[in-house]
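Listed below, chain by chain, are the residues.
Protein chains: 2
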Amino acid sequence: MNSCKIAVVGATGAVGQVFLDIADQRHFPIDEIRLCASERSVGKKIEFRSQEIEVELCTPAVLDEVDFAFISASGDVSREVAPLAANRGTVAIDDSSAFRMDADVPLVVPEVNAKDLNDHKGIVSIPNCSTTPLVMVLNPLMKKSSVNRVVVDTFQSVTGTGAAALAEMEHQSEAILNTRPVTSNEYPHQIAFNVMPHIEPFQKNGYTREEMKMLYETQKILHNSNILVSATCVRVPVAVSHSEAIHIEFEDMISPNEVREILENEPGIKIVDDPFSDVYPMPIDAAGMDDVLVGRIRKDISHPNGIAMWVVCDNLRKGAALNAIQIAEEMMKRDIVAEKNWRK
Amino acid sequence: MNSCKIAVVGATGAVGQVFLDIADQRHFPIDEIRLCASERSVGKKIEFRSQEIEVELCTPAVLDEVDFAFISASGDVSREVAPLAANRGTVAIDDSSAFRMDADVPLVVPEVNAKDLNDHKGIVSIPNCSTTPLVMVLNPLMKKSSVNRVVVDTFQSVTGTGAAALAEMEHQSEAILNTRPVTSNEYPHQIAFNVMPHIEPFQKNGYTREEMKMLYETQKILHNSNILVSATCVRVPVAVSHSEAIHIEFEDMISPNEVREILENEPGIKIVDDPFSDVYPMPIDAAGMDDVLVGRIRKDISHPNGIAMWVVCDNLRKGAALNAIQIAEEMMKRDIVAEKNWRK
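Residue numbers (the numbering used here), protein chains in the order written: chain A, 1 to 344; chain B, 1 to 344.
Keep in mind the hints are simulated off the structure, nothing from the lab. These numbers were taken from a predicted model, which means no experiment stands behind them. Each hint should be verified, as a subset may be incorrect.
Put simply, identical chains are the same to the list, so a pair is met inside one copy or across any two.
[To be verified] Result set (EDC-like, lysine to aspartate or glutamate): computed pairs, CA atoms no more than 16 Å apart in a straight line: (1) Lys204 / Asp278; (2) Lys5 / Asp335; (3) Lys204 / Asp274; (4) Lys340 / Asp64; (5) Lys121 / Asp104; (6) Lys340 / Glu65; (7) Lys121 / Asp335; (8) Lys5 / Asp31.
Please put together the full structure from these sequences, using the hints given.
Written out as structure tokens, the structure is:
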């Protein structure tokens with residue numbers, strides 16, 4: 001399969017916009033593209049490869065006519081659209097958490113577990129944007145030594161919530177700088193000039209759903225239920241890119257130099273680690289980049305086999321849209337997309 | 001000793017201003033106050049308890065005439081002024097890192113190790129503003145079980161750097177909101193809408209000096225060299241208050257409820273922990289408060305004897321000025337301040 005027809009569901013959202021940019025930049029081979037969104041956006045025109053494309057509703061007829069449906073809207077939209085697509089032989093590549101832990105749904109970061117795509121049944125899930133950079137770092141290192149435990153604290157940007165949250169952060173910032181009162185709709189509290197240890201609903205065990213995802217998704221992607229992950233996920237007033245302070249406990253001793261050597265040969269990872277020259281990953285530098293940036297690699301002084309590092313990744317690109325496109329590319333390469341009647 | 005004469009060295013800085021507010025709020029018994037700063041600020045007038053006080057240089061003559069010199073300026077100022085004060089029988093209460101690890105200098109958080117004040121030789125150091133909340137939480141819990149290891153990642157506000165850094169964050173934010181270019185003087189990179197894993201210079205082991213302080217100062221204050229601490233200290237675009245994601249590994253099992261019970265009876269600590277009602281500590285709520293706010297207390301799912309929590313503290317108050325005043329109050333109560341000739 002050398003080219004495909006696609007539908008982008010959630011085309012007017014933060015991830016949808018980035019999806020179109022990346023598809024163009026990577027010369028993703030699209031024969032036909034359908035842009036779908038909610039009623040409110042129908043009729044709106046979006047430019048893609050110098051063409052004006054009209055936004056439409058995602059109907060069964062649209063899904064019939066495409067090979068892939070990229071879904072990045074709400075969980076509710078995913079729960080409706082993804083099975084509808086799969087039943088029509090259309091691969092749903094889904095950015096929501098709706099199907100991630102479903103045993104029949106591969107949860108894939110192509111650099112890590114592309115082979116899981118072979119078992120797809122029409123729906124493929126993209127991991128949460130804070131899980132993806134973590135597994136990209138862990139996977140190659142686990143070939144050197146198994147990992148027993150990870151403590152990770154995140155610094156997540158507002159576009160992880162969506163375009164409206166970005167606008168809210170900007171409005172609030174402006175209000176505060178001009179000593180005007182602040183209103184919050186997207187978050188329970190002010191996010192401008194503040195940090196909030198609350199992403200997704202709280203669970204009975206005191207962790208948030210976002211924090212539990214980092215455990216469950218990591219174990220599923222790495223096919224390893226022995227890795228324990230404890231996370232504190234924090235929203236910070238940053239537009240794009242999630243940062244993570246990661247503390248890894250290996251079974252065997254592994255040196256910072258070995259870690260650096262292993263990671264710098266990994267596709268999708270870029271080492272940014274020259275602290276004495278003030279060089280380390282930062283959200284403003286990662287935004288718009290495809291690579292996961294890794295720096296501050298050091299021996300953890302509190303654990304005999306510990307390594308600490310600092311990882312930053314564009315949550316809209318590798319954390320979402322880029323990973324989705326890479327999954328489609330990989331499925332086309334493996335020729336595991338259903339043959340459609342209209343293609344014959 | 002029921003009242004005292006004091007000099008505030010660095011009176012025009014971020015901590016100096018807060019010091020005067022707190023001294024007033026607490027009715028700290030001051031007979032006479034001298035406000036000192038650098039040449040640049042001499043002659044400036046600052047109001048304290050409805051009096052206009054003129055800023056002057058910190059000369060030996062000034063130090064001769066006071067019981068306490070509160071120093072919050074640069075490390076260089078501390079290195080010059082603190083010994084000068086001590087030699088004159090004046091207690092230097094120093095907010096810099098210059099003397100903290102000196103064996104002859106008590107490093108004190110009054111709620112934790114007030115008794116160390118008895119051994120003072122004229123200089124008392126205040127811990128780094130990220131260490132203070134950590135030891136306040138660890139100390140009471142260690143009466144229940146010893147602590148083997150702490151992983152802590154910090155979210156530190158710009159006033160930890162000073163008033164100029166706060167102004168820089170505000171200017172940068174305004175520039176970005178109006179799509180104007182940004183300049184950075186206080187930090188090596190833009191801090192507005194960004195996070196920076198770099199506080200204080202980098203050491204050979206890959207940690208920053210700030211991160212190593214969290215190990216060394218914790219061990220000194222708790223008189224326990226077995227506690228290992230691994231920190232990643234990160235600057236975030238917040239005006240006031242440092243936040244910390246803390247993961248503690250105890251020797252014995254201790255439940256979240258036990259932790260909550262122990263901490264809620266501790267002076268200087270306030271439990272803010274009702275996540276299902278969106279209640280947890282945040283910098284905007286901690287700013288201006290004396291208490292260390294503790295929330296998100298939960299069993300660490302990745303360690304049999306682990307506890308995770310989220311702690312926020314006003315870096316200018318308990319992290320600096322308040323702790324300084326509490327030290328002076330405690331020394332007066334213990335009557336361990338030198339008797340001055342002019343007092344007799």
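Hint-by-hint comparison with the structure:
no.: 1; hint: Lys204 / Asp278; verdict: between (41 Å within a copy, 14 Å between copies)
no.: 2; hint: Lys5 / Asp335; verdict: within (15 Å within a copy, 83 Å between copies)
no.: 3; hint: Lys204 / Asp274; verdict: between (42 Å within a copy, 12 Å between copies)
no.: 4; hint: Lys340 / Asp64; verdict: within (9 Å within a copy, 92 Å between copies)
no.: 5; hint: Lys121 / Asp104; verdict: within (7 Å within a copy, 70 Å between copies)
no.: 6; hint: Lys340 / Glu65; verdict: within (8 Å within a copy, 92 Å between copies)
no.: 7; hint: Lys121 / Asp335; verdict: within (14 Å within a copy, 78 Å between copies)
no.: 8; hint: Lys5 / Asp31; verdict: within (5 Å within a copy, 82 Å between copies)
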